[in-house]
Amino acid sequence: MLRKRLFALLGLLVIASMVLAACGTPAPTEEQPPATEEATEVATEEATAEPTPEPTTRKGGWLDEIAYSSVTSDSAVTQIQAGAIDIYTRAVASDRVQEIKDAGLCYAQSYGGYYDILFNPAVFTDATKLNPFSNRKIREAMNWAIDRNYINQEIYGGGSLPKFTVLATQLVDYTNVIETARGLEAYYAYNLDRAKEVVDAEMPAMGAELVDGKWNFNGEPLVLAFLIRNDGDGTRLKIGDYFSDQLEKLGFTVDRQYRKSSEASPIWIGSDPKEGQWHLYTAGWLSSGLDRDEKESFQEMYLSSSAQGIPLFLENVSDPEFLKVGDDLANGNFTTLEERRAMIEKALPLSMQDALQVWIVDQQVYAPYQCNVEVTYDLGSGVEAAQMPPYNIRFKDQEGGQLKVGTNDLFTDPWNPVNGSNWVWDGFVQSATESGSLMADPYTGLYWPLRAESAEVTVQTGLPVGTNTDWVTLNTADTVTVPADAWVDWDAATQTFVPAGDGVTAKAKIVMTYPADLYEVTKWHDGSNLSAGDFVMRMIMAFDQAKEDSAIYDPDTVPNYEAFKSTFKGVKVVSTDPLVIETYTDNFYADAELIAFLGDWWPQYGYGEGSWAAIAMGNAAEAAGLTAYGTGKADTNAVEWTNFIGGPSLEALNTQLDALIAESTIPYAATMGEFVTADEAATRYANLKAWYEAHGHFWSATGPYFLDSVDLNAKTALVKNNPDFPDFSDRWAAWSNPPLADATMDGPAQVTIGEDTPFSLTVTTKAGDPYPSADIKQVKFLVYNDKGETIYVGEGEAGAGDGEFTLTIPADVELQAGAGKIEAAVVLYPAAIPAFASLEFVAVP
Amino acid sequence: MATETITATTGQAKREAFAHTTLGRVLRYSLVRLVTLGVTVVIGIYLTILIANMGGYVDTIMRNEIRDNTTQSILANPAFRSLTPEAREKLIQEKIALEEKRLGLDKPFISRSIKYLVNALTLNLGRAINMNSDSGSRQVRLILLERLPATLLLAGTADLILFFSSVFIALGLSRRYGSLLDKITIALSPTSSAPPWFYGIFLILIFAGILHVLPFGGLVDSPPPETSFGYGLSVLKHLILPASAIIISSFFLSVYNWRTFFLIYSSEDYVDMARAKGLPARDIERRYILRPTLPTIITNFALLVISLWTGFTITETVFLWPGLGRTLFQAIGLYDTPVIVGSTIVYAYMLGITVFLLDFVYALVDPRVKVGGGNQQ
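Line order of the protein sequences matches chains A and G. Going by our numbering, the first sequence opens with residue 1, and the numbers climb by one from there. Going by our numbering, the second sequence opens with residue 1, and the numbers climb by one from there.
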């Protein structure tokens, strides 16, 4: 008997120990750093305080090898701690930032998606059902019913940004209108009583009555159908529950309908809003990264003219003034940047009043890594989606070595440069193998020349365009005339370009000039030198697939082609050596550097780089009906989706390459024949063939690393340093760390009304050094009264030293006795994210 | 006329006589069994198609997801920012239409469901809707075949070790009924209430996270070793934790089950008689216990072998093991009917064939069993 009990007890103990262990976290090992926040901060500061490395003689990337593998995000932090990987480039949500800090890891912080409450604005067809959110004032009042700071702290671990306006918080357009944005944030700060006042005033007017603290309509409790997403990162579930509680405090009865995407979308997207199947929804939207131009956001996110075409937007009856300013912004109906700014300042408060969507949070996401790794990341889109990280990623104070990168997945779709995988994790591996004409600045969103030398941009007089850097020259002209012999279209039957003809004009012209030694120094990984033929092939491929007469016609490309053609006005190869290309377009941006990008014809096809020989091979396989670049055509014709790195495509491509070699084919000879010789063709094909035989794939590009091998089944990839890359490894070293700033304010705790009151502001780098005043674009400050209303907006005056400013509240500011606050925003040139500082004071007569 | 009648009667008699021969009985039984299994497979597959598509409602889900995804991707793409709102909306609508056509949503579900069924029954597995094989192909055949080796390696290793070790240890325990080892086994059998992935998480924490002696997951090191031998060793290293998780999760209950099963047979009269006759214990085990239990053992083994096809969905996911279980899991999440049906039809055919063949195997290993003799007295 005793034995039986003993064994029963033993069994129970085993189970209990497993359950308890499952609830705990693994103990840190001795060699791991102490899991404290202080340790993390020290490590992070050290990471940013490192001096710029000494000049190097090394070419290509800093590392010898980068090994990529697929890792679950749940185990990413543990795997970095254990040394299994060095960095997890697929960022995790901000609710895990504490876990990263506790593990003593460094991290790259960037913007994720953004979440909000989306309301059904329709008046329901069934008159017995009331939709309170068809009332704009009630929607607006919901701004006061949401404590965004609470949500950020409790749900997002304090690591995200409370979001009030449609503009991405703290990014370029937000910073441009920061006084308006901050003023609105103060005005719409959490105030449930104020929300209740509005609801109590508006609901009876809509026919509802409050019975025992609950709103009733037609004698029945008014039940709000709330679609709450329970999938994804799980935070929308918590937001939904929080807001349901708030609505119940306002007297509503809430039917919390927990649904995943596939269950919710047929209702909020697919149903007629007037049917009343739903009242509100926990919406989420993709981030555009470091977007410098959000002027169309008002139309997209609120108005019935929204390009989204979803019924609920069509049902929104907006204020006519808001409708006009939103449409004008989206259509670019302004002539100066000041006018554009004024229109955004006008649209912002109107959008808050419209409140079709009440914004909650701009998610920040975090990519963790070992603190002995140095990685450049885009402030908007993080590590994976940025161009520069592979150029700068390295072990600190070390050249060479093998870096182990973990990411969410690999090879999700086939790789081909024309229309292959566009998954961000595949793109990250590809970006290490690629170069280009231009390099995207990860901190400003502008472009710098990579292989290009300079650009000259000419825009029509009156267009609101400015320039920020000196490699782009900006001109204006009353008329930008397209040369008659510029190529404007493609005749797929004759395989020749169609000239623009006389009398064609454009809004902008870009002249992109490349250095004289471009072809000598730039080599494809298979050993071939870059040539003008690569650029011309890129131009041909911009048209050919969308032409019915083409052997590679793909109807799926037509919509994108039509969008391109709607603004494209012509291209002309002015000179092949040195290479000079003119591009004409009706497309323009506020920054000349972004316009210059429109004149980039580098053989980067959107899904990867490809030499003209590799594209000729892919085209031949598609023309032969063996493969197709795009998934749609591949499915329709039941052929393989072209894959340059594996699968049945390889055999088809190799067969076509053999045929090209045998026939010394110059593709599109009627046009390419002018730029490619038979000798070059023979060399190109032979090099590509040799590359395939050595590496087992056709992914040959021009970047600092080359793709050495892939294991598609195990989902691993290995890239190795390209010693033939033209640039030294430290070319982009100045971008190693984000040039972000910290600001601290000092001043009197008591302000005397009617007297000038100065406050001092100190701006430093993240390492604590004074921030160069020349790199500070502007210091704005706002003064708030005790109600949180903005009563004064001023500009700081630069002091004698770097990063020193004085902010003076003038004597004539209408301060009222009581609490007040002064807040400063420091706008920087080298980084799109400003620094903030604030100080509270007491105003006394 | 009379001659014809006599001939017909004779023919009928011959047929009846043939029907009562062993061969006739077996053929008739086989035919009926095959038809029954065939109808079952057809019904099962069509039900799978209906369930996987929620009776056609998945079309509605997919249409709205296409609209949502297409709209968001175009609005978030800076390349389209400079288009006029009208041009952007036109682009969105055209892309939605193309995607719906690609996925076959321009055709009614009922016609697609029949096509899925016919393709499945003829083993024309066709093309996936959204999924690719690891090498990037849309062919369902390749999607399944490329994942099969990894699943066979994991599930085969784990299940075979589990099966044979359980049977032989159970046989030994049945001889030591009431011993300390027997009691420990009984006491630990509730540990099998936890699934393999549950143990997998512990094993990862201990051996990868803390001791750093085994990998967290995956099939092979990154980068993979360049030699075949090194690659093989690396795969084996990655196999240890997931296989151990599967074995640990079922080991004690499996031993307990077999031990109980053998105990029942050990207490049969003819076993007692053999013991009384003084036969050696090994002979008793082999001839008096194991042999009559062979049909059950073989059935279990056969079903185990075909179950390898389905893999271990969550365990493979926890260990990032590129097997069929994960593939099926992904296919369900993506509503990729051809992959779901492809996987199901292969399993259904294997199950049908196994069930069919087992009847014959029973007859071979157990003289008491006659194929098709169930109605004979």
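Hints are computed from structural coordinates only; laboratory data are not their basis. Don't take each hint at face value.
Dumping the calculated SDA-like pairs for lysine to any residue here, alpha-carbon to alpha-carbon at most 20 Å [as the list claims (entries may be wrong)]:
id: 1; chain 1: A; residue 1: K260; chain 2: G; residue 2: L233
id: 2; chain 1: A; residue 1: K274; chain 2: G; residue 2: E94
id: 3; chain 1: A; residue 1: K565; chain 2: G; residue 2: E94
id: 4; chain 1: A; residue 1: K260; chain 2: G; residue 2: E65
id: 5; chain 1: G; residue 1: K101; chain 2: A; residue 2: S304
id: 6; chain 1: G; residue 1: K107; chain 2: A; residue 2: G270
id: 7; chain 1: A; residue 1: K507; chain 2: G; residue 2: L334
id: 8; chain 1: A; residue 1: K260; chain 2: G; residue 2: G38
id: 9; chain 1: G; residue 1: K90; chain 2: A; residue 2: T762
id: 10; chain 1: A; residue 1: K821; chain 2: A; residue 2: P772
id: 11; chain 1: G; residue 1: K90; chain 2: A; residue 2: V558
id: 12; chain 1: G; residue 1: K90; chain 2: A; residue 2: K260
Selected chain A positions facing chain G (in silico; Cβ < 8 Å) [to be verified]:
id: 13; residue: A82
id: 14; residue: G213
id: 15; residue: E300
id: 16; residue: F411
id: 17; residue: G501
id: 18; residue: T505
id: 19; residue: G632
id: 20; residue: P770
id: 21; residue: A774
From chain G, some residues computed to sit far from chain A (all C-beta separations above 12 Å) [what the hints assert, rightly or not]:
id: 22; residue: Y57
id: 23; residue: K95
id: 24; residue: R102
id: 25; residue: T260
Even for Gly, the Cβ is constructed at its ideal location relative to N, Cα and C.
Structure-based check of each hint:
no. : hint            : result
1   : K260/A x L233/G : violated, 42 Å
2   : K274/A x E94/G  : violated, 26 Å
3   : K565/A x E94/G  : holds, 15 Å
4   : K260/A x E65/G  : holds, 11 Å
5   : K101/G x S304/A : violated, 27 Å
6   : K107/G x G270/A : holds, 19 Å
7   : K507/A x L334/G : violated, 44 Å
8   : K260/A x G38/G  : violated, 37 Å
9   : K90/G x T762/A  : violated, 50 Å
10  : K821/A x P772/A : violated, 27 Å
11  : K90/G x V558/A  : holds, 12 Å
12  : K90/G x K260/A  : violated, 28 Å
13  : A82             : holds, 5 Å
14  : G213            : violated, 37 Å
15  : E300            : holds, 6 Å
16  : F411            : holds, 7 Å
17  : G501            : violated, 24 Å
18  : T505            : violated, 17 Å
19  : G632            : holds, 5 Å
20  : P770            : violated, 35 Å
21  : A774            : violated, 29 Å
22  : Y57             : violated, 8 Å
23  : K95             : violated, 6 Å
24  : R102            : violated, 5 Å
25  : T260            : holds, 17 Å
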